[in-house]
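Undergrad: Each chain is listed here by its residues.
Protein chains: 4
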Amino acid sequence: MEDIQCQKDERNISIDRVGVKGLSYPVSLLDRSSGTQNSIGQIEMYVDLPRDFRATHMSRFIEVMHDYRDEITFPHMKGLLKTIKRKLAAERAEMKVDFPYFVEKCAPVSKVRSLMRYDCSFHGILDTVMDFIISVKVPVTSLCPCSKAISKYSAHNQRSIISISVRFKKFIWLEELIEIAEQSSSSDIFTLLKRPDEKFLTEKAYERPRFAEDLVREAALRLDKHKEILWYTVSSENIESIHAHSAYAFLKKDKRVIKNPNLSE
Amino acid sequence: MEDIQCQKDERNISIDRVGVKGLSYPVSLLDRSSGTQNSIGQIEMYVDLPRDFRATHMSRFIEVMHDYRDEITFPHMKGLLKTIKRKLAAERAEMKVDFPYFVEKCAPVSKVRSLMRYDCSFHGILDTVMDFIISVKVPVTSLCPCSKAISKYSAHNQRSIISISVRFKKFIWLEELIEIAEQSSSSDIFTLLKRPDEKFLTEKAYERPRFAEDLVREAALRLDKHKEILWYTVSSENIESIHAHSAYAFLKKDKRVIKNPNLSE
Amino acid sequence: MEDIQCQKDERNISIDRVGVKGLSYPVSLLDRSSGTQNSIGQIEMYVDLPRDFRATHMSRFIEVMHDYRDEITFPHMKGLLKTIKRKLAAERAEMKVDFPYFVEKCAPVSKVRSLMRYDCSFHGILDTVMDFIISVKVPVTSLCPCSKAISKYSAHNQRSIISISVRFKKFIWLEELIEIAEQSSSSDIFTLLKRPDEKFLTEKAYERPRFAEDLVREAALRLDKHKEILWYTVSSENIESIHAHSAYAFLKKDKRVIKNPNLSE
Amino acid sequence: MEDIQCQKDERNISIDRVGVKGLSYPVSLLDRSSGTQNSIGQIEMYVDLPRDFRATHMSRFIEVMHDYRDEITFPHMKGLLKTIKRKLAAERAEMKVDFPYFVEKCAPVSKVRSLMRYDCSFHGILDTVMDFIISVKVPVTSLCPCSKAISKYSAHNQRSIISISVRFKKFIWLEELIEIAEQSSSSDIFTLLKRPDEKFLTEKAYERPRFAEDLVREAALRLDKHKEILWYTVSSENIESIHAHSAYAFLKKDKRVIKNPNLSE
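So the protein lines, in turn, are chains D, A, Y and G.
Residue numbers for the first sequence follow my numbering, so the first one is 5 and each next one is one higher.
Residue numbers for the second sequence follow my numbering, so the first one is 5 and each next one is one higher.
Residue numbers for the third sequence follow my numbering, so the first one is 5 and each next one is one higher.
Residue numbers for the fourth sequence follow my numbering, so the first one is 5 and each next one is one higher.
Each hint should be verified, as a subset may be incorrect.
A pair holds if it fits inside one copy or across any two, identical chains being indistinguishable in the list.
Okay, derived cross-link-like pairs now, DSS-like style, lysine-lysine, Cα gap no bigger than 30 angstroms in a straight line [unchecked claim]:
1. K91 <-> K229
2. K231 <-> K198
3. K86 <-> K115
4. K91 <-> K256
5. K156 <-> K86
Hints in this document: simulated from the structure, not taken from any laboratory.
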C-alpha cells in the first residue's frame with residue numbers, strides 16, 4: 005500500500021508543527037494526597053516536519069498516547085516525547101495536556117469536605133533539551149478595594165480566575181500553585197459551605213479587598229519566593245459583578261535573567 | 005441531474021425536523037430607540053418531512069434566509085415561515101434566531117452612556133397556526149440575603165443571568181423584557197461606570213439582597229402584570245462568587261390556563 | 005444564626021426548579037466491559053420550591069452529590085433523588101449528569117485498539133414516580149448520497165454527531181445505544197486507524213451513502229426493534245464539508261402510544 | 005471621592021497588561037466591496053502598569069472604545085491606541101478585536117449568491133512603535149491524499165479551518181487573506197450551493213487532494229509571493245471525518261529575516 009506521507013516534497017518549506025489536536029483521552033496523574041488521580045485529558049501532540057517530507061504519520065501519536073495514558077507525569081512525559089521523536093523521526097516533539105484536577109478541601113469553620121475542580125495543563129517540548137511548563141486555573145473571590153472605599157457599606161465582589169504557569173527546577177506539585185493562587189485572593193472558594201463558613205468567607209473577603217492588579221502582584225510575591233520556580237506568568241480575570249465584561253491583569257517574570265531593579269523592563 | 009432527495013422512502017418513518025443548524029448570517033432587527041439594528045444571527049431552520057420522501061432540499065432554507073435577512077421581525081418571520089412551507093412543500097416550518105442585541109444605557113449618577121449587550125432569540129413555528137416565543141438573557145447583579153444577614157459586614161454578590169421567554173398577544177419589545185429582568189435584580193449592570201455610579205450600585209445591591217429564587221419571583225410578579233404576555237418562563241443563574249458552580253431557579257406560567265390558587269400545580 | 009432561606013414568602017409563587025448548575029464532580033459509572041469507569045460529571049440538581057418558602061438550602065445538594073459520587077448508576081440515582089427529596093423536604097427532585105464515557109474499539113482490519121470518547125448523560129426526575137432518560141452523542145462518518153449520485157467520482161463526506169435519548173423498561177447499556185448509532189451511519193469512526201483501516205472505512209462509507217435524514221431513520225428502525233426501549237429521540241448533525249453550517253434531522257417516538265399508521269402525527 | 009487606584013504601590017512589581025477582556029461591542033469595519041460593514045467585536049484592551057501605581061482606571065478603556073466604535077480600521081486603531089496611552093498615562097497600549105466578517109460569494113456553476121462568515125481579528129500594540137497583526141479563519145474542504153491513493157474509490161474529506169495571521173507594510177484587505185486560504189484548499193466552501201455546484205465542488209476536491217501539511221505549504225507559497233506581507237503564520241485544523249479529533253499543521257515565517265535556505269531553521 006502506497007505511503008503518500010513519505011513522498012518527497014518539492015516545495016522546500018519545513019513545517020513547525022504537525023500532529024493531532026482535540027484528542028480526548030483518559031489519563032492518570034500524580035496526586036499529592038492520594039498517589040494517583042484519574043482524569044480526562046484534552047490533548048495536542050506535534051512534531052516538526054523537515055522540508056523534504058510531504059506529511060507525518062498521524063496514527064503514531066495515538067499509539068504513543070494509548071501506551072502512556074496511565075502515567076502522565078513530568079518524568080514520563082519526557083519518555084513519551086522521546087518515543088514520539090523516535091517513532092516519527094523528528095527533531096522536536098511537543099505535547100500539551102489540559103485536564104481537570106480535583107483537590108479535597110475542608111470548609112474553614114464547619115470543616116465539611118468537598119472536591120474542588122481546577123483546570124490544569126502540562127506542556128512539554130523536547131528537542132535537544134526538554135522544556136516543560138505546568139499551569140493551573142484557580143477560581144477565587146475578589147472584592148473591589150475602590151467599591152469598598154467609596155461606598156457606605158458592602159463592596160462589589162465576584163468570582164475571579166487566577167491562572168499561573170511555571171517552569172521549575174526539579175519538581176513542583178499542582179497543589180503548590182493552587183495554594184499560591186488561593187492565598188493571593190480576597191478569599192478562596194469551596195464547593196461545599198455551611199452557613200458559618202459563608203459568614204467567614206464574606207467577612208474575610210471584605211477584610212482583604214483586592215483588584216485584579218493586587219491578585220497578580222500578591223501571587224508574584226509568592227512565586228518569587230518559591231525556590232523551585234525559575235519562570236512564571238500569572239494573570240487574573242475578574243468576572244465583574246457590576247459589568248458584563250472582565251477586568252484583567254497579567255505579568256511574566258524570568259528569574260533566570262539578572263535584573264537591574266533601577267531599570268524598567 | 006438526478007434528484008435523490010425526492011426518491012420515495014420505504015422505511016415508513018416521518019421526520020419531525022429536517023433543516024440547517026449553526027448557520028451564521030447578518031440580520032436586521034427592529035430597535036425601539038433607533039428604528040433598526042444590525043446584528044448577526046445564529047440560525048436554525050427546519051421543516052417536517054413526510055414518511056414518503058427520502059430527504060429535504062437544504063439549499064432552499066438558505067435562499068429564504070438570504071432574502072429575508074433585512075427584516076427579522078415578528079411580522080416578517082411569519083412571511084418567512086410561510087415561504088419555507090411553500091418552497092419545501094411542508095406542513096410545518098420552524099426557525100430559531102439567536103442574536104446579540106445592544107441597548108444604550110445611561111449610568112445612574114454620572115449619566116455617561118454606553119452600550120450593553122443582551123443575548124436574545126426569536127423562535128417561530130408555523131403549521132396551521134403561528135407559535136412565536138421571544139427570549140432575552142440579561143446580566144445583572146445579585147446579592148445574597150443569607151450572607152448579608154449572617155455577616156458582620158458586606159455580603160457576597162455576583163453576576164447573574166436572568167433569562168425570560170414569552171408568548172404574547174400582539175407585540176412586545178425586547179427592551180420591555182430586559183427592563184423587567186433588570187428591575188427584578190439586586191442591581192442592573194452597565195458597560196461604563198464612573199466612581200459615583202459604582203458607589204451607587206454597590207449600595208443599591210446591598211439594600212436589595214436577592215436569592216436566585218427572589219429574582220425569578222420578582223420577575224414573575226412583573227410578567228404577571230404585563231397585559232400583552234400570555235405565557236412565560238423565567239430563570240436566574242447566579243455565577244456564585246463563593247463557589248465555582250451556579251445557583252439556579254426556574255419557573256414557568258401559562259396565563260391562558262385558569263388556575264385554582266388553592267391547588268398546587 | 006438566622007435561617008433566611010426558611011422565611012415565609014408572601015409572593016404566592018411556587019418555583020419549578022431551584023438548585024445547583026455547572027457543578028463539576030468526579031463520578032464512577034457502570035462499564036459493560038470492565039465493571040466500572042471513572043469519569044467527570046457536569047451536574048445539575050434541582051427540587052421544586054413551594055410558594056410558602058423563600059429559598060432552598062443549596063449546600064445539601066453538594067452533600068448528597070459528594071456521598072453518591074462513587075455510584076452514578078440507574079439504581080443509585082433513584083436513591084440519590086430520594087435522599088434529595090427527603091433532605092430538602094421536596095415533592096420533586098431532579099438530576100442531570102453529563103459525562104464523557106470511553107469505550108475501547110478495535111480497528112476493522114489492523115485490529116489495533118484505542119479508546120473512543122462519547123458524551124453521554126443521565127437525566128432523572130423523581131416525584132411520585134421515577135422518570136429516567138439516558139443519552140449518547142456518537143461521532144460517525146456520513147457520506148452524501150446526492151453528491152455520490154451526481155458526481156463523476158467521490159462524494160462529500162464529514163463527521164456527524166448522532167444523538168440518541170431513551171426511556172427504557174429495566175436496564176440498557178450506553179454501549180447498546182452507541183452501537184445503534186454506529187450501525188446507522190455511513191461508517192463508524194475510530195481514534196486509531198492504520199492505512200488498511202483507512203482504506204476499509206473510505207470504501208465502506210462510499211458504499212453506504214446516507215443523508216442526515218437516513219441516519220435518523222436507520223437509527224429509528226433499530227430503536228423500534230429494541231425490546232427494552234419505550235421512548236426515544238434521535239438526531240443527526242452533519243458538520244458539512246462543503247458548507248460552514250450543519251445539516252440536521254430529528255425525530256421522536258413514544259412506543260407506549262398506539263399509533264394508527266394511516267394518520268399523520 | 006478617594007482614588008484608590010492612584011495609591012502608591014510598595015510591592016515594586018510592574019504589570020505587563022491591565023485592562024478589560026470579554027467586552028462585546030458593535031463595530032464598523034472597512035469592507036472591500038461595500039465600503040463599510042457592521043459587525044460585533046469581542047474586545048480586549050490593555051496597558052502596562054508601572055511598579056509605583058496600585059491599579060489602572062478601567063472605565064477609560066470603555067470610553068475610548070465607545071468613541072471609536074464606528075471606525076475599527078488599521079489607521080483608526082493607531083489613533084485609538086494613542087488615545088489610550090494618553091488617557092491612561094501608559095507606555096504601551098494593546099487592543100485585540102475578534103469579529104465575524106461576511107463576504108458575498110457566488111456559487112461556481114449556478115452563480116447563486118450568499119454570504120460566508122469568516123472569524124477575523126485585529127491585534128495592535130503601540131509603545132514607541134506600532135505593531136499590528138490581522139488574522140482570518142477560513143473554513144474550507146480538505147480531501148485526504150492517502151485515502152484517495154489507497155482506496156478503490158472515493159476519499160475521506162472534511163471541513164478544515166485555515167488560519168492566517170500577517171504583519172504587513174502598508175495595507176492589506178481581509179479578503180486577500182481569505183482568498184489565499186481558499187486557493188490553498190482542496191476546495192473552498194459556500195453557504196448556498198445548488199446541485200450543479202455540489203457536483204463541481206465534489207469533483208474539484210477529489211482532483212486536489214491535500215493533507216493539513218499541504219494546505220499550510222500551499223498557503224505559505226502564496227503568502228511568500230505577496231509583496232505587502234512581512235511576516236505570517238498559517239495553520240490548518242482538519243476536522244477529520246474518520247476520527248473524532250483533528251489533524252493539524254502550523255508554520256511561521258518572518259520575511260524580514262534573511263534566511264539561508266541550505267540551513268534548517
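Undergrad: Look at each hint and say if it fits the structure.
TA: Hint check:
Proximity of K91 and K229 under a CA criterion of 30 angstroms is satisfied in neither setting, with 41 angstroms inside one chain copy and 35 angstroms between copies. Taking identical chains as interchangeable, the C-alpha atoms of K231 and K198 are never at most 30 angstroms apart, the minima being 37 angstroms within one chain and 42 angstroms between chains. For the homomeric pair K86 and K115, the shortest alpha-carbon distance between copies (26 angstroms) is at most 30 angstroms, but the shortest distance inside one copy (45 angstroms) is not. In this assembly of identical chains, K91 and K256 lie within 30 angstroms of each other by CA distance solely across copies; the values are 25 angstroms between and 35 angstroms within a copy.
When the C-alpha separation of K156 and K86 is checked against a cutoff of 30 angstroms, the pair qualifies neither within a copy, at 61 angstroms, nor between copies, at 37 angstroms.
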